[in-house]
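Start from the sequences and build out the full structure, keeping to the hints where you can.
2 protein chains.
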Amino acid sequence: MIDVKDLFAEDYINKEVSISGWIKNHRKQKEFGFIDFNDGTYFKNLQIVYDNSLDDFEEIQKLHIGSAITVAGKIIKSEGTGQSIEMKLISYKLEGDCPEDYPIQPKRHTREFLREQAYLRTRTNLFGAVFRVRSVAAYAIHKYFQDNGYVYFHAPIITAADAEGAGEMFQVTTLDLDKVAKSGKVDYTKDFFGKPASLTVSGQLQAESFALSYKKTYTFGPTFRAENSNTKTHASEFWMIEPEIAFCDLEGDMNIMEEMLKYVVKYVLDNLPEEMEFFDKFVENGLLEKLNKLINSKFTRIDHEEVIKILKEAPVKWEFQPEYGEDIAKEHEKYITEYFNGPVFIKNWPKDIKAFYMKQNPDGKTVAAVDLEVPGAGELMGGSQREEDYDKLVNRMDELGMKQDELDWYLNLRKFGGCVHSGFGMGFERLIIYLTGVDNIRDVIPYPRTPGNCDY
Amino acid sequence: MIDVKDLFAEDYINKEVSISGWIKNHRKQKEFGFIDFNDGTYFKNLQIVYDNSLDDFEEIQKLHIGSAITVAGKIIKSEGTGQSIEMKLISYKLEGDCPEDYPIQPKRHTREFLREQAYLRTRTNLFGAVFRVRSVAAYAIHKYFQDNGYVYFHAPIITAADAEGAGEMFQVTTLDLDKVAKSGKVDYTKDFFGKPASLTVSGQLQAESFALSYKKTYTFGPTFRAENSNTKTHASEFWMIEPEIAFCDLEGDMNIMEEMLKYVVKYVLDNLPEEMEFFDKFVENGLLEKLNKLINSKFTRIDHEEVIKILKEAPVKWEFQPEYGEDIAKEHEKYITEYFNGPVFIKNWPKDIKAFYMKQNPDGKTVAAVDLEVPGAGELMGGSQREEDYDKLVNRMDELGMKQDELDWYLNLRKFGGCVHSGFGMGFERLIIYLTGVDNIRDVIPYPRTPGNCDY
Chain A
59 MIDVKDLFAE DYINKEVSIS GWIKNHRKQK EFGFIDFNDG TYFKNLQIVY DNSLDDFEEI
119 QKLHIGSAIT VAGKIIKSEG TGQSIEMKLI SYKLEGDCPE DYPIQPKRHT REFLREQAYL
179 RTRTNLFGAV FRVRSVAAYA IHKYFQDNGY VYFHAPIITA ADAEGAGEMF QVTTLDLDKV
239 AKSGKVDYTK DFFGKPASLT VSGQLQAESF ALSYKKTYTF GPTFRAENSN TKTHASEFWM
299 IEPEIAFCDL EGDMNIMEEM LKYVVKYVLD NLPEEMEFFD KFVENGLLEK LNKLINSKFT
359 RIDHEEVIKI LKEAPVKWEF QPEYGEDIAK EHEKYITEYF NGPVFIKNWP KDIKAFYMKQ
419 NPDGKTVAAV DLEVPGAGEL MGGSQREEDY DKLVNRMDEL GMKQDELDWY LNLRKFGGCV
479 HSGFGMGFER LIIYLTGVDN IRDVIPYPRT PGNCDY
Chain F
59 MIDVKDLFAE DYINKEVSIS GWIKNHRKQK EFGFIDFNDG TYFKNLQIVY DNSLDDFEEI
119 QKLHIGSAIT VAGKIIKSEG TGQSIEMKLI SYKLEGDCPE DYPIQPKRHT REFLREQAYL
179 RTRTNLFGAV FRVRSVAAYA IHKYFQDNGY VYFHAPIITA ADAEGAGEMF QVTTLDLDKV
239 AKSGKVDYTK DFFGKPASLT VSGQLQAESF ALSYKKTYTF GPTFRAENSN TKTHASEFWM
299 IEPEIAFCDL EGDMNIMEEM LKYVVKYVLD NLPEEMEFFD KFVENGLLEK LNKLINSKFT
359 RIDHEEVIKI LKEAPVKWEF QPEYGEDIAK EHEKYITEYF NGPVFIKNWP KDIKAFYMKQ
419 NPDGKTVAAV DLEVPGAGEL MGGSQREEDY DKLVNRMDEL GMKQDELDWY LNLRKFGGCV
479 HSGFGMGFER LIIYLTGVDN IRDVIPYPRT PGNCDY
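As given, the protein sequences belong to chains A and F, one line each in that order. Count along the first sequence from 1, then add 58; that gives the number in this note's numbering. Count along the second sequence from 1, then add 58; that gives the number in this note's numbering.
Think of the hints as simulated: they come from the structure by calculation, not from any bench. Be aware that a few hints might be false.
If chains are identical, the list can't say which one is meant, so a pair holds when it fits in one copy or spans any two.
Said to hold, decoys possible - EDC-like mimics (lysine to aspartate or glutamate), calculated; alpha carbons at most 20 Å apart, straight line:
| id | residue 1 | residue 2 |
| --- | --- | --- |
| 1 | 473 | 456 |
| 2 | 248 | 236 |
| 3 | 412 | 361 |
| 4 | 253 | 236 |
| 5 | 320 | 389 |
| 6 | 367 | 464 |
| 7 | 253 | 513 |
| 8 | 73 | 285 |
| 9 | 290 | 342 |
| 10 | 88 | 68 |
| 11 | 253 | 226 |
| 12 | 243 | 421 |
| 13 | 248 | 226 |
Below is the structure:
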């Protein structure tokens with residue numbers, strides 16, 4: 059089976075080929091016509107030219123936009139500008155017709171309209187490109203980690219563990235809710251797992267067990283948040299990558315974050331030049347420059363305390379006043395990447411605003427955590443060295459009022475050959491937003507789930 | 059950071075290296091000692107030899123099994139049999155101790171015992187190998203599809219669609235069950251999505267929308283069944299691969315199934331020879347022969363009706379009598395792969411025992427469905443050509459009493475340039491069981507979920 063991609067990649071000039079795909083556009087003249095043809099394997103359309111020397115010329119002229127056809131023809135050098143090759147049609151077969159009320163017409167549709175037609179939107183240039191970037195970026199991530207000896211870990215999706223403060227969780231149950239309502243009580247002994255269960259918000263804790271077996275591991279799977287946020291950057295279901303590395307401290311962690319990100323960005327630029335050029339032209343002017351600059355830059359590494367100092371000294375009237383010991387706002391992230399003119403690792407954060415498992419620094423105030431801020435997107439990844447000291451970890455859990463029995467096994471990882479280890483998390487959709495310039499998370503997930511929305 | 063894998067793959071003879079990992083075994087003599095050392099990146103241990111010429115000889119002798127250490131030493135050719143290289147120790151640093159009651163001792167543990175220690179079992183030879191095979195097989199699957207121009211599709215996990223008869227589903231909710239019990243009624247307008255939602259049992263229907271945009275697509279993600287089955291082959295949460303291809307009929311579908319499976323098996327054999335040899339020796343005698351035979355065989359393709367005829371004529375006293383128009387049992391699967399001495403595609407199944415979306419054959423009795431049966435494992439994949447005819451699909455849904463409004467979009471795919479298309483599904487764990495010979499699904503999922511079990 060020949061793909062449109064093959065026709066552009068290899069030399070088919072003067073060869074006759076047969077190929078199946080869809081009609082993207084159809085321009086008819088009295089004595090000839092042009093079909094923009096694509097099978098979805100390549101960004102560019104193949105132009106098919108035909109004229110009235112064909113017996114079925116009149117039938118061909120009636121072919122609808124959106125129809126599936128198989129065409130046979132000769133590949134020739136294109137006379138026109140804008141394409142290198144085209145096909146001179148010999149014969150065709152209609153595989154599937156398409157009515158005139160087909161929603162995806164060759165004109166500009168708003169993203170909002172296309173969101174309503176999610177099952178068809180991949181047929182447009184924009185979304186066709188977005189979800190190919192999503193696919194290729196996913197592969198680049200796998201390739202980076204596998205080439206570097208990481209073991210891919212499928213973290214459990216259903217969990218009975220309560221992820222401390224990581225966010226609101228969806229409950230998973232086989233109890234019949236009508237019966238619960240009728241009986242007036244909830245009997246978890248009758249539930250599928252014999253206890254309450256939820257959808258995971260992170261596979262990190264379990265990934266640590268793999269890191270302490272395989273040294274290097276990564277997750278790549280769906281995670282969930284039941285937060286009632288209707289913003290451009292929040293979805294209830296999204297994919298995360300969570301690498302975890304033994305014998306690796308915060309500096310090593312940052313090295314990997316930086317190397318991995320550059321690898322993935324370069325891989326996508328190298329493998330999807332047409333799509334990336336399209337985004338640069340029509341979605342985010344300067345996108346290619348931004349990404350190429352990232353690949354070639356050395357990421358700044360700076361303490362949170364230093365960042366606050368810079369922000370305080372900045373000649374800017376802040377909406378949120380920067381403070382030592384506190385989180386930083388979007389406006390601060392933006393300023394700091396502009397200040398350093400490139401990506402910035404902000405490290406050693408105040409412990410009170412970070413998670414219980416992070417490595418406590420000797421100063422007693424900070425933890426060995428890091429956020430990566432990139433120009434134009436803000437926080438892209440977050441990581442930390444993990445607390446490998448059993449007693450310190452238990453004490454921190456006590457301070458926070460956390461139950462230990464549920465996390466016995468996690469604590470035991472510190473007992474049984476525990477060692478310095480670190481990891482990080484990257485929201486996959488955040489990466490796709492960064493790579494494409496498409497700024498709404500609903501437009502980079504095939505069938506997004508948000509509060510009140512669960513279609514398809 | 060050097061890995062144990064590097065030491066065996068490249069020439070480090072007479073070089074001094076520093077490397078971190080864990081003590082798998084420690085044999086002490088009066089004047090010298092041997093440490094079996096591994097960092098989890100390779101199946102084989104690195105043997106570390108040391109003697110009493112070292113100042114801290116006595117401390118070294120006290121090192122516990124399970125401890126994390128960093129060692130510096132010279133790589134030398136091994137005098138002993140069973141390993142090509144070893145390390146002559148120069149110095150060491152204890153990274154994390156391990157008490158004597160460490161559950162993973164260098165002796166044979168039962169798989170049942172290790173299931174109770176799931177967070178540590180990857181440190182054993184057996185499970186270390188199982189989950190590396192899982193990782194490499196996952197990558198091989200991605201590599202096969204990406205190299206062949208498929209777009210990776212992340213199917214939604216939470217769904218409001220009712221997957222007709224595909225199995226019991228888990229409900230996903232943010233309703234407070236205690237409040238539901240107290241109030242005596244279930245108000246789905248208050249639920250997160252404003253309606254009942256569940257965990258997906260298959261991404262196929264949605265994947266079809268990608269196939270009809272990109273021609274070739276595949277899913278690889280978690281799927282769920284809330285069935286109360288406690289068997290060796292059932293888990294409540296498992297990963298599936300669901301490719302879907304436009305302009306592809308059942309024959310083309312089988313070609314892809316066959317090519318993909320051979321590719322993945324070969325990739326794992328080529329990339330993990332030590333692990334696969336271990337499984338052949340200690341888990342399933344004849345595994346390598348079985349897999350190599352598969353790679354080199356031409357899969358038989360035969361109609362369901364023919365299979366029933368062969369079974370009926372077989373000189374066997376069946377527990378379940380084979381019948382035209384009915385499903386076949388495990389004993390039949392076994393017989394038929396032995397009969398053909400290799401993998402068998404059974405195709406064109408009675409329509410009444412297959413799903414609504416399968417292509418209706420002209421005979422009016424069968425559908426263009428296929429199951430792949432492999433020697434020693436039974437059914438490994440199932441696929442079908444999909445019904446692309448709008449009216450036939452609607453009629454079949456009517457016959458089965460299915461509601462159409464929920465699947466409007468799915469039906470519309472037949473209207474808007476719909477075409478012949480096919481796909482298949484492969485349970486990822488079933489593949490891992492086939493590849494390793496480890497026959498319980500609980501032993502090929504890192505943290506398995508089954509009725510009553512949701513630990514970690």
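Practice item. May I ask which of the numbered hints given earlier this structure violates, with the numbers listed in increasing order? Key: 5, 6, 8, 10, 12
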